[in-house]
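Student: Chain B: place on chain A using the hints.
Residues per chain, in single letters:
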Amino acid sequence: MAFLILRRLVQTALILLGVAAITFLLLYALPADPARMIAGRSATAQTVANIRRELGLDQPLLVQFWAYLQGIVHGDLGRSYAQKTDVGALIAARIPATLLLMAAGILVEVVLGLTLGIMAALRRGGPVDRVVMMASFVGVSAPQFVVALLLLYIFAVTLGWLPMSGFGTAAHVVLPAATLGILGAGWYARMVRSAMIDVLNQDYVRTARAKGLSSARIVLRHALPNALLPIIAMIGIDIGQFMGGVVVVEAVYGWPGIGQLAWQAIQQVDIPIIMGVTLVSALAIVLGNLIADIIAPLIDPRIRAQ
Amino acid sequence: MKLYTTASTPVLSIRDLCVDARTPEGRRRVLQDVSFDLNPGETLCIAGESGSGKSVTSLSIMQLLPKASLQIASGSIKLGDRELTNLSNHAMRSVRGGDIAMVFQEPMTSLNPVISIGTQLTEAIREHQGTEAGKAEAIALQMLDAVHITEPIRRLTQYPHELSGGMRQRVMIAMALSCRPKVLLADEPTTALDVTVQAQILKLMRELKREFGASIILITHDMGVVAEMADRVAIMQNGRIIEQGSTLALFERPKELYTRQLLAAVPRLGAHAGTDGPPRVSPQAKPADVPAPSPVLVVRDLNVTYGSPARWLFKGNPSVSAVADVSFELRSGETLGLVGESGSGKSTTGKAVLGLIPFTGAVMIGGQNIAGLGARQMQPIRRTAQMIFQDPYASLDPRMAVGAAIAEPLIIHGLADKGERDDRVAELLRRVGLLPDAASRYPHEFSGGQRQRICIARALALEPKLIVADESVAALDVSVRARVLDLMLELQETMGLAYLFISHDMAVIERMSHNVAVMRSGRILEMGTRREVFENPKDEYTRALMAAVPIPDPRDRQLV
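Going down the list, the protein sequences come from chains A and B.
Just so it is clear: in the first sequence, position 26 is 1337 by this note's numbering, and no numbers are missing.
Just so it is clear: in the second sequence, position 237 is 360 by this note's numbering, and no numbers are missing.
With the rest of the complex left out, here is chain A:
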């Protein structure tokens, strides 16, 4: 077990190093010049050059990357160009809001996705199945900013039930969480449906029927845990998708999380923040996979045995 954790830590470090390298190189390949952005339109060439030297942008790329890596090892994600403050602190201040949004979004997608997926599988080929499949198709394919604007228009503008944007009360979290969750719910509904259909045809479900168990017990105790196994393995990937959605949703609803921070940083070419948010997202995906690896053996004794 200790070896397993050690191996996992090394894997995580390597993944983060790879992510850091790729993002760093991509960002510096951008045609935009952060020094000029900071200096403003009317600045002289001298000012721009000064800023560039101040930020270390005049150094060779590899030297800059090495300095950045050294910073990361010491827990220093650098200083924001625009806000002149510590990136680590900026991100840390934003994480609770994002975690709240993600938790609410995941709740929506899991509850909605599981329920609809199971219903569709049990009524396979029937009208319920068809409606669920159609709805999930729409959910999966609708762009998030469209869903966000649609929900805003209906529930905030027209009906006035929920606030337009902001942060603070439970009502504020409903629309952003729903926007995030709808995409995932459509995705989960389809996955759960096909996994359930597969499992319901398995011999052990027939055995459970032949024992005279109730339908509820057959579906929830015998079929569902087996159907969830392949889906749990997808949690890590799902969190990656989720992080992408978070940026859009936080921007639209003015949610003060790291997605919004990233969105502003992109507009200002504030590279240290973009780097920081990217690394935190990569870490979240690694953690998501770790969670999947922890949950799977809880359900499946065959994985426990290894």
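Since the hints were derived computationally from the structure, they do not count as laboratory data.
Don't take every hint at face value.
Computed footprint of chain A on chain B, listed as stretches where at least three residues anywhere in the stretch have a Cβ under 8 Å from a Cβ of chain A [as the list claims (entries may be wrong)]: (1) 185-192; (2) 223-232; (3) 494-507.
Residues of chain B clear of chain A, computed beta-carbon distances all greater than 12 Å [said to hold, decoys possible]: (4) L182; (5) N212; (6) A299; (7) D600.
Ideal Cβ positions, reconstructed from N, Cα and C, are used throughout, including at glycine.
Tutor: Showing chain B alone in chain A's frame:
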């Protein structure tokens, strides 16, 4: 049809049962006027080939037919004086597992992999008898004891993957009998098991029938199992019961032609005693060639190990020796029968011989060692060595016309141009007893036996000298199996093929082989001519294996 009647009231009585299948072309009858009685304490065997309606009958009794595709059209199923066909689903639930319990064919997949054995046993007891958890667990323990499972207490917390196939089937039987059902429905309960395990399970079922007083309906395709177990037999064909009667009468005085054919097709162990080599099936062929001086296949110290060591960052798999120090020779026109139970390493040996998996040791095909050869260097050798697989359904591409499938090896090896190819395919199809016009049709249009003929034609396309046949007739019904085996013998006689014939079935091995090797745990325990091994087995395991084969004669029953 004349019904079998007895003085006592039957436990289960089925009258004129008809079941329809819903197909895109409309309704099709799959069970027609099935009638039989099951008397108290009786074992009734329903025997027949695949598609005869045996399993549909048992699922009808349990009211477990898949609703979307199968439906009872008419008829009656009475449990005592209770009619089951119009029972509500809720009422039927107390019958299932309570009055009628079922054991299925596949012990490997019939238990839920993520639920502990204890929970799977107790949930039915609690459902039907309303006992609380502690008491149900006590009953579960008693049941595990009754089916002779070792360490029953430990088993309760174990999961199915920790148990062998035989133990899982014991758990299934324990589960089925735990609520003391009146009827035990066993659908091919031993078909997926090794022959020695099958003998144990059949013995257990006989023993438990006495102990628990249940009547048994045993569904099987194996006439040996029928002879061993049945008080009465019903023979099914095409959705009808064509003949039923007491076991002795049916085996000794079968009335229907089909029953006689079925019994005649059953391979009997020992049927070829006193003769060398397999029977000749083509009298017109020239007598067997004098064995060629150099063997087609020489295997020396073959070792295969599965698994990989753990490397930094990557998980390893525990390494398991699948084949250890196997050596044998095979000459043209000869068959080496490789027999053993599951996990004995016989299939692994077959794959290694064709270079399909990594191995150590020497494998010489036509004098050339294939150890360590790359894909490119292997290609010319593959021409001389081909394989016929077990499952004729899975080993043909459903979207490829039969002609194209047979021609594919010719194309890969660049052997014939377009025109020649069609002639070659037509000739090959004729060779395996099919019409040349089969070439333009697709696999789903053929039966299992015909598909296996197509696979044989594909293997023959390159005119190989060696064919590895891995359980090639295991998926076929007995009557079809006999004809495919005859075809293989005929091809051997006329083409001088060498077969490495892998099978778990002792009777099939006896029929096909010149020489026999008995494998267990990756090693060859005993090897010799067929007469040596079958008529004078030296190894204890070989003797146990032969003793476990059920004999299709009710007078030879091994009573417990």
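Student: Non-interface claim for L182 (chain B): all C-beta distances to chain A beyond 12 Å?
Tutor: 9 Å, violated
Student: Since A299 (chain B) was said not to touch the interface, does its Cβ keep a gap of more than 12 Å from each Cβ of chain A?
Tutor: 8 Å, violated
Student: If you look at each residue in the stretch 223-232 of chain B, do at least three have a Cβ nearer than 8 Å to any Cβ of chain A?
Tutor: holds (count 5)
Student: Taking C-beta pairs only, is D600 (chain B) more than 12 Å away from all of chain A?
Tutor: The assertion about D600 (chain B) holds, with a minimum of 22 Å to chain A.
Student: With 12 Å as the threshold, tell me whether N212 (chain B) passes as away from chain A on beta-carbon distances.
Tutor: 8 Å, violated
Student: Mind taking a look at whether chain A covers the stretch 185-192 of chain B? Criterion is 3 or more residues with CB to CB distance under 8 Å.
Tutor: This one holds; 3 residues, not fewer than the three required, reach chain A with a Cβ under 8 Å.
Student: In terms of beta carbon proximity below 8 Å, does the stretch 494-507 of chain B have 3 or more residues touching chain A?
Tutor: violated (count 0)
Of the hints listed earlier, those the structure fails to meet are numbers 3, 4, 5, 6, in rising order.
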